[in-house]
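Residue numbers (my numbering), protein chains in the order written: chain C, 42 to 325; chain H, 42 to 325; chain X, 42 to 325; chain A, 42 to 325.
Each hint should be verified, as a subset may be incorrect.
Identical copies carry no separate label here, and so any pair may be met within one copy or between two of them.
[Stated by the list, open to error] Derived EDC-like pairs (lysine to aspartate or glutamate); straight-line CA-CA distance at most 20 Å:
1) Lys108 - Asp128
2) Lys108 - Glu221
3) Lys248 - Glu84
4) Lys248 - Asp207
5) Lys248 - Asp82
Simulated from the structure, these hints should not be mistaken for laboratory data. Predicted model, so just to flag it, every value in this text is computed and none were measured.
4 protein chains.
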Amino acid sequence: MPQPTATLLVTCPERKGLVARLAGFVADNGGNIVQSDHHTDTEAGLFLSRIEWELQGFGLQRHEIGKEFERVAQEMGASWRLRFSDDVQRIAVFVTRQDHCLLDILWRVRAGELNATVPLVIGNHPDLAPVAELFGAPFHHVPVRFNDRHDAERRKLNLLKDNAIDLVICAKYMQILSTEFLAEAPPVINIHHSFLPAFVGDRPYHKAHARGVKLIGATAHYATPDLDEGPIIEQEVARVSHRDNVSDLIRRGRDVERLALSRAVRLHIEGRVMVYGNRTVVFD
Amino acid sequence: MPQPTATLLVTCPERKGLVARLAGFVADNGGNIVQSDHHTDTEAGLFLSRIEWELQGFGLQRHEIGKEFERVAQEMGASWRLRFSDDVQRIAVFVTRQDHCLLDILWRVRAGELNATVPLVIGNHPDLAPVAELFGAPFHHVPVRFNDRHDAERRKLNLLKDNAIDLVICAKYMQILSTEFLAEAPPVINIHHSFLPAFVGDRPYHKAHARGVKLIGATAHYATPDLDEGPIIEQEVARVSHRDNVSDLIRRGRDVERLALSRAVRLHIEGRVMVYGNRTVVFD
Amino acid sequence: MPQPTATLLVTCPERKGLVARLAGFVADNGGNIVQSDHHTDTEAGLFLSRIEWELQGFGLQRHEIGKEFERVAQEMGASWRLRFSDDVQRIAVFVTRQDHCLLDILWRVRAGELNATVPLVIGNHPDLAPVAELFGAPFHHVPVRFNDRHDAERRKLNLLKDNAIDLVICAKYMQILSTEFLAEAPPVINIHHSFLPAFVGDRPYHKAHARGVKLIGATAHYATPDLDEGPIIEQEVARVSHRDNVSDLIRRGRDVERLALSRAVRLHIEGRVMVYGNRTVVFD
Amino acid sequence: MPQPTATLLVTCPERKGLVARLAGFVADNGGNIVQSDHHTDTEAGLFLSRIEWELQGFGLQRHEIGKEFERVAQEMGASWRLRFSDDVQRIAVFVTRQDHCLLDILWRVRAGELNATVPLVIGNHPDLAPVAELFGAPFHHVPVRFNDRHDAERRKLNLLKDNAIDLVICAKYMQILSTEFLAEAPPVINIHHSFLPAFVGDRPYHKAHARGVKLIGATAHYATPDLDEGPIIEQEVARVSHRDNVSDLIRRGRDVERLALSRAVRLHIEGRVMVYGNRTVVFD
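Isolated chain C (complex conformation) (with noise of 0.2 Å):
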């Protein structure tokens, strides 16, 4: 069993003294680093830093670390944000009718392997609510039609506000999602089933059998208006061959699909992962 942490993300423009900074700010309150990352981005101009420390023994209350940490980030010009390891996050996951990401992710968290919860699944058909259930998540069946997709969207906020929701796992949910939708909800992870920027947009597996690949993949991104160009969170590929048909690829897809996005979800939910711009820094 692991001790609690913190964990800070800093982001602030490059200068030097910016990690002994950091490390001091910890060090002056008695905490034990387990972990500090950082990435300069030289043309960018820009300092992203991770640091993990122990909780026990630490100078400060929870509820006091941001608001000292606050008089540090004012005088770096910094954005942060602060994760406690035993916070439990809430992951609500949209889904359509394939039921293997959803799966995994609730056998992951039943694991132990995710430290989450999955108070919410939404589906826009009804087809994966006993899989849901399996798992004892609530289903609720939110249909998209053409020309009530703003009320769709509407009760999908509703539901991540009353669910107080901290992250979104698109998992194979083939629906687009609204520049208004994605402003107002927690941040959203979505897996495309192809290894962009190859194959943008729908029936990817069936234009990698077209285009004579030899290699397949998936791609975890966070969702963002421009459709499959988000930032990019984690990608994996499998070998395939002549004899691959389109369901083939499908199959095979499925299993870099589950890879690819349970990695990503386990990054994020560390706190591992900072975008800027449409990039990511992944401290792994």
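Since the structure of chain C is already known, use the hints to place chains H, X and A on it.
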């Protein structure tokens, strides 16, 4: 030291009995099949087959095999190629300034990994002459200028003919080959430094970096007039991270390029690749 | 929906004409070969072959094929097996307390990835009964105590027989199976949580951690009386680092175990694995 | 052209404030940290850290850094090493008859992938003298016979000393190095042609073939008196099948060996590998 073998590569319209007919041809002449494989593309109604047998004890002389098989082929409506495993393929390598693929091919030839010889290296810059010379491969500098591109291609075609070249390898040859050149030249294998169809065109590592991908790739394919659209033979990928700048991607990419290219060349030389439409069947 | 096929798996002493003989058997009865592959182990003087053809339009009824082929087999001195692609394999899964492999197999069966049914799950602990029930698979608790091991195996053999089981999967079943059990049981596929032959025996992740390896693996193999020495069907690996403690290795290993096991089971079910000596030929 | 950096590698007993202390040392002298990473082995009670900063604008001259840091180190009870990114490492390569690893290292050095020079190649056979010469690397033939092994090692140690060698690479050097040699020599990186700890000792590809594995591997590790038991730096694998005979495994293995070895050498040269006990921490 493996026994020499004969290999038939056969393409014809799909119908029953083709495998038996081919295996029967070999067996009737006292041949011992070493490996046989075939593939039916049901959509295209096409049968593709590769059958390899030991020459020792075979009832037909090498020069008789084609003539005899032609009767079978006509009956099947087949097009076909015959190769002997001890035929040394004559390779020309086209290069610009990057040496890693050239060096790798030359080393593999010398190490006996590829049953081939390299009697011709053509560079549009003179830089790699010393590398070719290290391995005793004759180097020709054929510069390509805007208004004499036609003449340069003519010179290259003459060199290919004079050296009885069986296969051209574009080993990071940063020049487009014209439709006319490709029509006259032997098969051309190109290595593209991306995971096609992602990042077609030039500067793929810059594009990959800008997109923030987590894997980079390389694609070995037959060159066709449509740039980066030729039939794919082999692809390979490598993991990258936010720490890798464009130079790092280029460096990591070199390993991936060499592996994908050398595997593709080996598959081609062993007569394991069959092209139909824009796709390949790889019998490995 | 693919057409049903018949597949013959044939082993016999090497000699000329075997491929033609097998293909001829199919062709003479009007069969259309979908895939055929073979392998000759020259050292062992052994020919191994897999030939699959469409049943539609084949001149022999299903029940006649074996009888007819037996004459060919006698002529070849061959042992053989016949399977039909639409035969649903009856699988028993043996488990202890870890659920990931069981859940994965049950999900793949339900998703139609494996043409199989799971009428029997046996646990030496009762923990996984709920998982089996989720998927409607009957669970039997057969505890194994030191002095009634013989009785427990007898109970298991009876359950296998009563349920007409074709294949046993040890899905992290932490019990040794006796020579007597293996002699009476159908084929048994085991997943060992290491890259065999590294880290044989128990607690391989602890050993891998102590050795400081940079990759961990899993091995799916047929169970034999020699523990961890059975013929290997499939292996898979994953990259690890100094940051991974034993728990992390176990977690990462679960993904690798599931992939290696499910691929091995699929290969077995599709009749693509042939065993000779302590090795397998995998016709994929 | 990257700016030159200084890197400190520090090992000491675990306690609070170490990261801040190290980062503070750099910041107090006006240094800009490029990358810093650390690892705590809780069981061993050990803290290991790597901190790299730009020399430009740093308040201490190169020769002053160590002296200044020694005071910090004493306070921490730390052992440490200091390296500068523009220090060119002097590598000796030990070879027997196989040239692929030697050629790969020499090429990477020439291509600028490794910030190193190779002033010394030692072969116990003369075969690879021409390869060394191609790249202008001085070759010495030091035969090893049963009863003059001690003299041969003495000759090698003298050559290492005379050439001020920083790192020895055993690039398929098929000779055991004695405890005495290892005690006097600089660090030695060996490439073992198996996925250790599988197939220790000689002829691993023969053993791998006999065992029927589906993946082969290579392991780059620091040489220690216990053969094949040294701390592992990097491992790589490749997929093989029943079609691959021992020669094929050897051929495929060469690619894997080169990749694992060159990555390990690069990690070592960049000061990213720290050894403790029989393990490595790799800060990549």
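Checklist entry - So which of the earlier hints does this model not fit? => result Hints 2, 4 contradicted; others consistent.
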